[in-house]
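Student: Chains A and B are the protein sequences, given in the same order. Residue numbers for the first sequence follow the working numbering, beginning at 1 and rising by one. Residue numbers for the second sequence follow the working numbering, beginning at 1001 and rising by one.
The hints are simulated quantities; they were obtained by calculation from the structure and are not laboratory data. Here the structure is a predicted model, which means the values were calculated and not measured. Where hints are given, some of them may not hold.
[Said to hold, decoys possible] Listed below are several chain B residues computed to face chain A (Cβ distance under 10 Å; list not exhaustive):
1. Ser1015
2. Lys1039
3. Thr1046
4. Leu1077
5. Leu1079
6. Val1090
[Stated by the list, open to error] Here are the simulated PhoX-like cross-link-like pairs (lysine-lysine), alpha carbons at most 25 Å apart as the crow flies:
7. A:Lys88 x B:Lys1075
8. B:Lys1024 x A:Lys94
9. A:Lys382 x A:Lys396
10. B:Lys1025 x B:Lys1039
11. A:Lys285 x A:Lys461
12. A:Lys388 x A:Lys467
13. A:Lys61 x A:Lys10
14. A:Lys109 x B:Lys1075
15. A:Lys412 x A:Lys484
16. A:Lys94 x A:Lys61
17. A:Lys94 x B:Lys1089
18. A:Lys56 x A:Lys94
19. B:Lys1025 x A:Lys94
20. A:Lys88 x B:Lys1089
21. B:Lys1059 x A:Lys382
22. A:Lys382 x B:Lys1040
23. A:Lys388 x B:Lys1089
24. A:Lys109 x B:Lys1064
25. A:Lys56 x A:Lys10
26. A:Lys461 x B:Lys1059
27. B:Lys1028 x A:Lys94
28. A:Lys94 x B:Lys1075
29. A:Lys285 x A:Lys467
30. B:Lys1059 x A:Lys388
31. B:Lys1028 x B:Lys1040
32. A:Lys388 x B:Lys1029
33. A:Lys88 x A:Lys112
34. B:Lys1075 x A:Lys112
35. B:Lys1029 x B:Lys1006
36. B:Lys1059 x B:Lys1092
37. A:Lys382 x B:Lys1039
Beta carbons: idealized from backbone N, C-alpha and C, even for Gly.
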Amino acid sequence: MLLHELTASKVRERITKREVTAQEVVEELLEWINLKEPLIKTYLCLDEDGALSKAKEIDEKLSNGNKVGLLAGVPIAIKDNMCTAGVKTTCASKILENFIPPYDAFVVKRIKDEDAIIIGKTNLDEFAMGSSTENSAFQITRNPWDIDCIPGGSSGGSAAAVSADMAFMALGSDTGGSVRQPASFCGDVGLKPTYGRVSRYGLIAFASSLDQIGPITKDVLDTALLLQVISGHDNFDSTCAALDVPNYISDIDRLDDVLKIGVPREFFGEGLNTEIKSALMDALKIYEANGAKLVDLSLPHCEYAVATYYIIATAEASSNLARYDGVRYGHRSRLSSDSNIVDMYSQTRAEGFGNEVKRRILLGNYALSTGYYEAYYLKASKVRNLIKNDFEDAFKKVDCIICPTCPTPAFKIGERVTEPLEMYLSDIYTIPANLAGIPGISIPCGFTSAGLPIGMQILGKYFDERKLLKMAKLFENETDFHLKRPKLNQQV
Amino acid sequence: MDIGLKEIEYIANLSRIALTDEEKKTFKKQLANILDYIKKLNELDTDTVEPMAYATDLKNVFRKEELTPSLSRQKILNLSPSNVNGFFKVPKVIE
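Given the sequences, and given the hints that come with them, work out the whole structure.
Tutor: See below:
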């Protein structure tokens, strides 16, 4: 096995046992990235020098016999909407094209403190708004399993990088499915933690009541490891929970009780691809064979989740993105230097934002504007409560819920770009968890006849990530879907 | 759901985004489609439902008022497209 093919946990073990140096790992990985990047286009920025010097620093620590962190020597990719001090952070937007943050996001600081190596910043839909990464202002990322397909989004660069072994693990952010959906399309493990589990400080805001940062990795153990590092309280995010962080890694292979798994009817009905449905049915049989009980469930308000989401998320976005005004940082229009300030704002934003971002700001401001607030924003906030109640009722009866991550496998590049609504509907199974704030994990559970990965989603109770990881690990121990890698033998 | 050009212009102005005529037409059509879909919410009777803004129970967070280090003024100003004498520089605000 080549070095870059190892999981993060394995590569860390080899580095700390001094079987290989961190520098060798980084050099081998960079060689592979430089070979495959022209094909997949996952990275917006590679920090080769930074990565190599950090690797040397860790090797030195090890040769001096010093203690090293939980992620010692592991090269990690970061979605380019998380601030990295001194390294460009663009949100895949022209408005932040040259923005170099003066500080690290909380999660970035955490992984650095644990001796991880940041290898680069990955592509995304502009401001994380999208489901295919095609809304990036800079490049189209391809799905490593089929280069004519999208990798999913908005964390498409992170998901593609992990799947193509171009990063050992990655961070994504999930507002309506942006970690789980691309993880599912690329055959990775992806977890959206409970709202408030991970600090959002330094995550460039899209919809503040929905955004959560989460790991994208090659297997469940690596997700547990990365979640362990990034979880916990932070004074700089007042919505971050002041709760103790359990140990996600110890006993991950042990499930004590007989588990009750909820199977929500509404997630298996019309619109679900038949190959995905049958992969999920097979997966449920594996749980049954391991002693779990399946419970038929209804989540009656989830069919309203997409409509609710596109009011709440756009309303919050229209307010969050008001800060891009060409004054304090980012792009300023050159057209308007002599004109009045409103023209300067309007031109700056017209030049800096792409179409999807403009569309969502317009929709959000519409939903919040006088005369419409009650019909749209208030209505959606109430339906959001009904969706949350659906889950709370369900979790009185079951320990977790299993459903598909997405209704279809990865779709073709260009297929849905002209119909925004159709694109929105690809997140139909992931959005409810963001609205309710509960955690969800996507793990590989099969392949379509065309060879595209299929993802299974496990949803859990608030702050019960530990159970989700154990459930996911049980499935992984019984199957080998997570071990399959894309061939990547196409030429550019 | 119909949404007029005037309305598009109104929200574009609220949003401080300059739109071309072509963009106005496209967004008008696309927003109408999306709003049509969103109408689905009216199927639900929500008269007695409380609105929800955040998923988890949030309490006001207090902390001691203590001085902690922060970024220097110059470091922040260096990020701006235009600054002068320690201030951000913008086009004329008042005639």
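Student: Against each hint, give a clear statement of whether it holds in the structure.
Tutor: Now the hints, each set against the structure:
{"no.": "1", "hint": "Ser1015", "verdict": "holds (5 Å)"}
{"no.": "2", "hint": "Lys1039", "verdict": "holds (8 Å)"}
{"no.": "3", "hint": "Thr1046", "verdict": "holds (4 Å)"}
{"no.": "4", "hint": "Leu1077", "verdict": "holds (9 Å)"}
{"no.": "5", "hint": "Leu1079", "verdict": "holds (4 Å)"}
{"no.": "6", "hint": "Val1090", "verdict": "holds (6 Å)"}
{"no.": "7", "hint": "A:Lys88 x B:Lys1075", "verdict": "holds (15 Å)"}
{"no.": "8", "hint": "B:Lys1024 x A:Lys94", "verdict": "holds (21 Å)"}
{"no.": "9", "hint": "A:Lys382 x A:Lys396", "verdict": "holds (22 Å)"}
{"no.": "10", "hint": "B:Lys1025 x B:Lys1039", "verdict": "holds (21 Å)"}
{"no.": "11", "hint": "A:Lys285 x A:Lys461", "verdict": "holds (22 Å)"}
{"no.": "12", "hint": "A:Lys388 x A:Lys467", "verdict": "holds (20 Å)"}
{"no.": "13", "hint": "A:Lys61 x A:Lys10", "verdict": "holds (19 Å)"}
{"no.": "14", "hint": "A:Lys109 x B:Lys1075", "verdict": "holds (19 Å)"}
{"no.": "15", "hint": "A:Lys412 x A:Lys484", "verdict": "holds (22 Å)"}
{"no.": "16", "hint": "A:Lys94 x A:Lys61", "verdict": "violated (40 Å)"}
{"no.": "17", "hint": "A:Lys94 x B:Lys1089", "verdict": "holds (21 Å)"}
{"no.": "18", "hint": "A:Lys56 x A:Lys94", "verdict": "violated (34 Å)"}
{"no.": "19", "hint": "B:Lys1025 x A:Lys94", "verdict": "holds (23 Å)"}
{"no.": "20", "hint": "A:Lys88 x B:Lys1089", "verdict": "holds (23 Å)"}
{"no.": "21", "hint": "B:Lys1059 x A:Lys382", "verdict": "holds (20 Å)"}
{"no.": "22", "hint": "A:Lys382 x B:Lys1040", "verdict": "holds (14 Å)"}
{"no.": "23", "hint": "A:Lys388 x B:Lys1089", "verdict": "violated (46 Å)"}
{"no.": "24", "hint": "A:Lys109 x B:Lys1064", "verdict": "holds (23 Å)"}
{"no.": "25", "hint": "A:Lys56 x A:Lys10", "verdict": "holds (19 Å)"}
{"no.": "26", "hint": "A:Lys461 x B:Lys1059", "verdict": "holds (20 Å)"}
{"no.": "27", "hint": "B:Lys1028 x A:Lys94", "verdict": "holds (24 Å)"}
{"no.": "28", "hint": "A:Lys94 x B:Lys1075", "verdict": "holds (22 Å)"}
{"no.": "29", "hint": "A:Lys285 x A:Lys467", "verdict": "holds (19 Å)"}
{"no.": "30", "hint": "B:Lys1059 x A:Lys388", "verdict": "holds (19 Å)"}
{"no.": "31", "hint": "B:Lys1028 x B:Lys1040", "verdict": "holds (19 Å)"}
{"no.": "32", "hint": "A:Lys388 x B:Lys1029", "verdict": "violated (32 Å)"}
{"no.": "33", "hint": "A:Lys88 x A:Lys112", "verdict": "holds (17 Å)"}
{"no.": "34", "hint": "B:Lys1075 x A:Lys112", "verdict": "holds (22 Å)"}
{"no.": "35", "hint": "B:Lys1029 x B:Lys1006", "verdict": "holds (13 Å)"}
{"no.": "36", "hint": "B:Lys1059 x B:Lys1092", "verdict": "violated (42 Å)"}
{"no.": "37", "hint": "A:Lys382 x B:Lys1039", "verdict": "holds (14 Å)"}
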